[in-house]
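Asks: Fit chain C to the supplied structure of chain H, relying on the hints for placement.
For the protein sequence lines, the chains are H and C, in the order given.
Counting in my numbering, the first sequence runs from 1 upward without gaps.
Counting in my numbering, the second sequence runs from 1 upward without gaps.
Derived by calculation from the structure, the hints in this document are not laboratory data.
Since the model is a prediction, treat every value here as computed from it, not as a measurement.
Backbone N, C-alpha and C fix where the C-beta goes; we use that ideal spot for every residue, glycine too.
Here's a subset of chain H near chain C, in silico, CB distances under 8 Å, partners left out:
#, residue
1, A316
2, E319
3, V320
4, R323
5, L331
6, F332
7, W334
8, L335
9, G356
10, V365
11, T374
Derived CB-CB ranges, DEER-like:
#, chain 1, residue 1, chain 2, residue 2, range
12, C, W37, H, F462, 18 to 26 Å
13, C, F12, H, H301, 16 to 24 Å
14, C, T21, H, Y133, 28 to 36 Å
15, C, I17, H, I428, 13 to 21 Å
16, H, V102, C, L19, 44 to 52 Å
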Amino acid sequence: MSEQKFRTCTITGLKVHGPAESLIKANIITAVIFIAIGGIAALLVALTRWPAVHLLPAHWFYRILTAHGLDMLIVWIIFFEIGALYLGGAVLLNARLAAPRVGWLAYILMLGGAVLTNIMVLSGTSDVLFTSYPPLMAHPLYYLGIILFAVGALIGVLLFFATLYKARKEGVYTHASFPLVTFGFIAAGMIAIYTLVHGAGIFIPTLLWSMGLMNMNPSAYRLVFWALGHSTQQINVAAMISVWYLLGTLTVGMKPINEKLCRTAFVLYILIISVASEHHLLVDPVFSNAHKIWNTGYIVHLAVLGSMIHALAVPAGIEVALRKKGYTNGLFEWLKKAPWGNPGFSAMAFSIFIFGFLAGISGVVFGSEAVNITAHNTWRITGHFHATVVGGTTLAFMGVTYYILPIVFNRQIIAKNWASLQPWLFGIGLILLSGGMMSAGVYGVPRRHWDIVSFGGSPFAFTWDPTVYMWMTVMGIGALTAVAGGVLYVWITLGTAWKGKPVA
Amino acid sequence: MSKESFGAPGTFVLAMIFLVTFIVIYFLNYKYLAGVWELR
Numbered sequence: 001m002s003e004q005k006f007r008t009c010t011i012t013g014l015k016v017h018g019p020a021e022s023l024i025k026a027n028i029i030t031a032v033i034f035i036a037i038g039g040i041a042a043l044l045v046a047l048t049r050w051p052a053v054h055l056l057p058a059h060w061f062y063r064i065l066t067a068h069g070l071d072m073l074i075v076w077i078i079f080f081e082i083g084a085l086y087l088g089g090a091v092l093l094n095a096r097l098a099a100p101r102v103g104w105l106a107y108i109l110m111l112g113g114a115v116l117t118n119i120m121v122l123s124g125t126s127d128v129l130f131t132s133y134p135p136l137m138a139h140p141l142y143y144l145g146i147i148l149f150a151v152g153a154l155i156g157v158l159l160f161f162a163t164l165y166k167a168r169k170e171g172v173y174t175h176a177s178f179p180l181v182t183f184g185f186i187a188a189g190m191i192a193i194y195t196l197v198h199g200a201g202i203f204i205p206t207l208l209w210s211m212g213l214m215n216m217n218p219s220a221y222r223l224v225f226w227a228l229g230h231s232t233q234q235i236n237v238a239a240m241i242s243v244w245y246l247l248g249t250l251t252v253g254m255k256p257i258n259e260k261l262c263r264t265a266f267v268l269y270i271l272i273i274s275v276a277s278e279h280h281l282l283v284d285p286v287f288s289n290a291h292k293i294w295n296t297g298y299i300v301h302l303a304v305l306g307s308m309i310h311a312l313a314v315p316a317g318i319e320v321a322l323r324k325k326g327y328t329n330g331l332f333e334w335l336k337k338a339p340w341g342n343p344g345f346s347a348m349a350f351s352i353f354i355f356g357f358l359a360g361i362s363g364v365v366f367g368s369e370a371v372n373i374t375a376h377n378t379w380r381i382t383g384h385f386h387a388t389v390v391g392g393t394t395l396a397f398m399g400v401t402y403y404i405l406p407i408v409f410n411r412q413i414i415a416k417n418w419a420s421l422q423p424w425l426f427g428i429g430l431i432l433l434s435g436g437m438m439s440a441g442v443y444g445v446p447r448r449h450w451d452i453v454s455f456g457g458s459p460f461a462f463t464w465d466p467t468v469y470m471w472m473t474v475m476g477i478g479a480l481t482a483v484a485g486g487v488l489y490v491w492i493t494l495g496t497a498w499k500g501k502p503v504a
Numbered sequence: 001m002s003k004e005s006f007g008a009p010g011t012f013v014l015a016m017i018f019l020v021t022f023i024v025i026y027f028l029n030y031k032y033l034a035g036v037w038e039l040r
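Pulled out of the complex, with its shape left as it was, chain H reads as follows:
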């Protein structure tokens, strides 16, 4: 491969492969456009669920909620992850992307699928929410859009593995093992393969069902769907933790205190984490108690152990790096003197805190079968996964964007002061949003519901404890704060990509 297709990053010294750079840019910018669309939907959903505002009529609420779930949980995150995989596979190894044309095919399939699904949702023919549980039926093109997106993403993941193989075969990367960040992306890629295969495995029959060509068993759907629906979030977890290690290195010069242990924790994810999907079925009458308890009461804790290892290893690595810089007084001088004005660092720190304290603890507690009976389908669950996916993954991805822009886009960040503020707004907003949701959920406030005040004119009156309205207001204020942080992120990212000064 010609050297002319590479440029050397002036910040990191990494060799950046031109075709890989173009594909990373396309995937990241598309991801940011979809987080903007999903963010507008988030604002509308939050302002509807906030009883004091109650903005949208019922049919538009469910339509926008469907778009919000798809664009945030699937489209934004997977576009970003595919960009991150190309970064971890090509740029971090100084290697070339194995087959750029295949990368563009993957991109076109993903974009086509995402646009098609959004059109079908907004046309009002597919108000089925993210889960699309039968017997709710969407337009066949809705399912086709998801299948196209999943196939495109699968091709992108396979291209990442092909890039690693080529880097080894062509002698570009000769070390015994891949860097820890790339190793984490490998874990994410392996989880992605079985996740996306399950996606095709459930949405192809569902497409045929929507065309009247076969029957659908709702229980079988739920079982296989969650091997996509939840495992997608496990891709996020593995990718997010890889980004933590990357940001720790880039922001404070962190080195893992025990790299073998960190790699073992990623292996635990690959082997175990898929059983976490089972907690979605804990109140499903079809599956046996033994099946549920074995998965959610015992086995899943090996994956939790993996998260515990990472959650200890990253802050410990940061502490060791900062102590080496001289911040050795007392227990926490290193934490006080950490570079909190660097958006990459503050985003990582908020991500670790929110993922650990809000998402991690609530996930393990709500995932145990006994407690789940009080939490299932309440807003506690919505609070949990907003802490996981938004406070954890999205915030980490926002943080690494501030490094991808100079390294890959070769642009200086515009509006650096606003960029420093952005993770704080988004992080604090998410803490309020998730905390408000989980607290209201304790009182039994249901998830997904358009109207918890009069229940759409139901003849059965129900009076909430007044505290519920306070927590829903906390959620609303948190949503507005997080949306402000999201607006800043979209503006800074697109503005930098478009009009940022070139890196000297």
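Replies: Frame of chain H, contents of chain C only:
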């Protein structure tokens, strides 16, 4: 353990705070469960 061999005492304290939070939240959830689902 010597002071030199333990390079991240602040993180250890944070991990202990996390563990205590975990225990308290687990306990509160089971306490709440016991309140709504009484054994007679």
